[in-house]
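K.L.:
Produce the entire structure from the sequences given, and follow the hints as far as they go.
When we follow our numbering, the leftmost residue of the sequence shown carries the number 174, and every step to the right adds one.
Since the hints were derived computationally from the structure, they do not count as laboratory data.
Among the hints, erroneous ones may be present.
Said to hold, decoys possible - Derived pair list, reagent style EDC-like, types lysine to aspartate or glutamate, alpha-carbon separation capped at 20 Å:
(1) K426 x D456
(2) K803 x E863
(3) K582 x D737
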Amino acid sequence: LINGATDISPGQYGTGATRECYPVPDNSQGWGRLNVKQSLCPDPPAVSEFADETAALSTGEYRDYYYTVVNNTVPLKVTLVWTDYPGSVLAAKELVNDLDLTVVSPTGASQPFAPNRTDNVEQVFIAAPELGTYRVRVTAHDVPLGPQDYALVVTGGLPDTYISGQVTSTSGAPVQGATITFVWSGGTKRITTNSGGRYISRVGSGTYSVQVSKPGWSFAPRAQMVHVAGTPKDNINFQGSGTPGALTGTISKAIGGVVSYIVESSHPYLNNIDQVYTITAHDAATRIRVHFAEIDLINDGDAVYIQDTDGRVVNTFTGTSNGEDFWSSWVNGSTVNIRLVTNSAGNTAYGFYIDGYETDLIDQGGLSGATVTLTPGNYTAVTGPDGGYSLANVPPGVYTVTPSLMHWKFEPMSRCVDVPAAETAVGVNFQGFPPGTITGEVLAAESTIVSADVQSAHPYDNDIDEMWTIDGGPSATRIRVHFAQIDTEPGFDWVWLLDADENMVESYTGPEFDVWSPWVNGRIAKIELTSDYGNAGWGFAIDKYEIQTVGGGVSGIDINLAPDARTVTTGPDGAFNIPDVSVGNHSVTPASALWNFDPVSAYVIVSAGTSRHVTFYATAAQLSSPAPAKTLADGTQVAFAGLIVSAVYNGCFYAQDRDRVSGIKVISNTRLAVGDVVDITGTLVTECGERCIANATVSTH
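P.N.:
What follows is the structure, given as structure tokens:
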């Protein structure tokens with residue numbers, strides 16, 4: 174990335190007295206503006222070569238590289254970097270291990286003119302290079318805590334032709350860090366293979382002896398003669414073998430860390446509210462903080478407080494100074510409260526959006542029974558009681574190590590590990606995060622729609638804040654309203670749906686027609702209209718509302734979990750339990766031909782070791798035949814569409830499906846005639862051993 178960075182000198186103000194920056198390296202711009210494309214795929218005719226040198230150097234040692242410039246219109250840039258040993262803050266010089274970069278031209282000119290004794294990044298830039306072969310030398314000037322490995326990148330007018338290939342072990346695993354040496358009449362050049370065992374080197378026309386070596390390995394062939402004449406040479410491959418090695422590690426159980434989780438205010442929020450949103454993590458967590466994707470409040474008038482369960486405040490946010498993408502401070506315990514408090518008048522703003530939380534990582538000991546797989550080769554081991562595992566007699570090479578256990582999530586998901594010849598790769602460790610649980614219930618709900626006439630003035634006035642209350646009565650456990658029409662000034666005037674405690678449930682602005690609101694828990698729904706000083710609109714009109722009386726649980730409902738493709742069934746009390754749910758995002762969907770469900774499906778985020786609970790409300794679906802309804806329990810509300818009256822008696826009648834296959838008794842005094850087509854809603858009962866519909870509402874076609 175440093176080698177491909179773009180020099181931005183002299184900056185936006187030019188080269189005069191107000192000049193911002195000078196050529197790299199410069200205190201104002203460092204090594205330049207990041208340019209990923211130029212770093213990885215420089216624009217032709219420039220080409221790049223990389224050397225990730227794992228064969229480290231000790232003090233006094235050096236290594237030479239040779240690069241042939243065939244196009245001197247392209248600048249030559251050579252960059253050397255290394256990860257230095259940690260220095261002491263009290264030392265006179267922070268640099269510990271000191272390497273030197275020297276570039277010598279075909280005519281013997283050497284750069285840089287003086288060594289760098291300060292930095293672990295060195296670069297030579299030649300704007301107009303000579304044609305011919307440059308020697309690049311890396312010297313270990315002083316390496317007290319070594320040996321020191323490094324990386325070298327060269328970009329310039331290098332040849333279009335190259336020699337490339339791959340080095341693998343007899344197991345098929347790539348061989349990382351093998352030395353590839355090119356010997357030709359003009360000298361020698363060496364590079365090392367990457368983690369995929371691959372290498373590539375830009376070379377001019379000629380005949381090359383391509384040789385491979387690595388300590389502890391033998392290769393077949395040991396060298397290959399390659400003739401390059403205008404076209405690249407691919408697949409110059411080698412296969413090696415070495416004394417088998419081993420790999421060991423541990424998988425530990427953990428809970429906590431970062432969890433995706435959404436909590437948000439209304440957008441915009443209301444004036445004169447004091448609303449608390451709560452996030453509860455795993456009860457073993459000792460601290461928790463939340464991540465704000467965005468926060469936008471009216472400065473000094475409205476505020477968000479981050480509190481613990483005792484009401485202690487750790488953060489106060491107001492205005493937009495914190496903006497987007499930031500973390501709150503830590504709160505002790507496993508629960509955090511987000512409290513939104515707004516003033517009684519004036520403007521409001523967007524509010525806040527939280528997209529996750531984080532807790533401390535809590536070690537739960539070793540994970541036994543997990544499978545660890547090495548590929549290629551599919552070598553496997555199973556972790557023991559302490560979470561440890563080992564794999565012996567593994568042919569040396571680079572492997573992907575992947576842990577697995579049904580429904581568990583691992584961090585990292587896999588690791589790339591170089592198993593050395595005759596040695597052991599140790600500390601190949603993982604953390605395993607346990608699955609969670611989803612519980613819930615399906616409750617029968619009997620619905621009643623009631624006509625209403627609740628509306629604002631048409632048009633409404635400017636600068637108002639009015640509220641209307643709809644009471645569904647003592648039997649209502651949920652209520653929702655139907656807006657025949659809403660028409661307010663978009664973005665400035667709002668209709669708000671609130672619960673009995675005036676917590677916001679939904680908001681509307683602009684034109685809307687024929688809209689059912691979300692359900693509000695309890696018997697009370699409040700509608701608030703707020704307007705500013707500007708334009709006014711028509712307002713709103715509510716023509717009906719629906720209440721639900723929630724009864725007992727509904728048994729026999731299939732609960733489908735996706736993407737896991739698992740299904741459980743509700744028990745006699747309507748409850749269900751889905752154990753061993755993988756960490757992540759899931760949808761939970763009830764299914765039955767006899768019932769309609771609210772919500773249709775629930776979106777659930779499961780974090781490690783936690784339990785999530787969802788509730789579904791079931792109302793009777795409109796059936797075309799009585800047969801399936803007869804399997805339901807007494808007291809269940811049912812609905813039928815298009816039944817045909819087959820017999821009429823005093824206080825009751827019988828109705829059948831259109832195929833005359835199934836019928837049912839309906840207790841009703843409705844005046845009907847045989848052959849009438851009716852829709853029926855009522856409650857299942859049993860009288861004298863006969864299934865009937867009581868409390869029936871009957872409408873004819």
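K.L.:
Now, for every hint given, state plainly whether the structure supports it.
P.N.:
For each hint, the structure was consulted:
no., hint, result
1, K426 x D456, "16 Å, holds"
2, K803 x E863, "10 Å, holds"
3, K582 x D737, "14 Å, holds"
Consistency note: the structure conflicts with none of the earlier hints.
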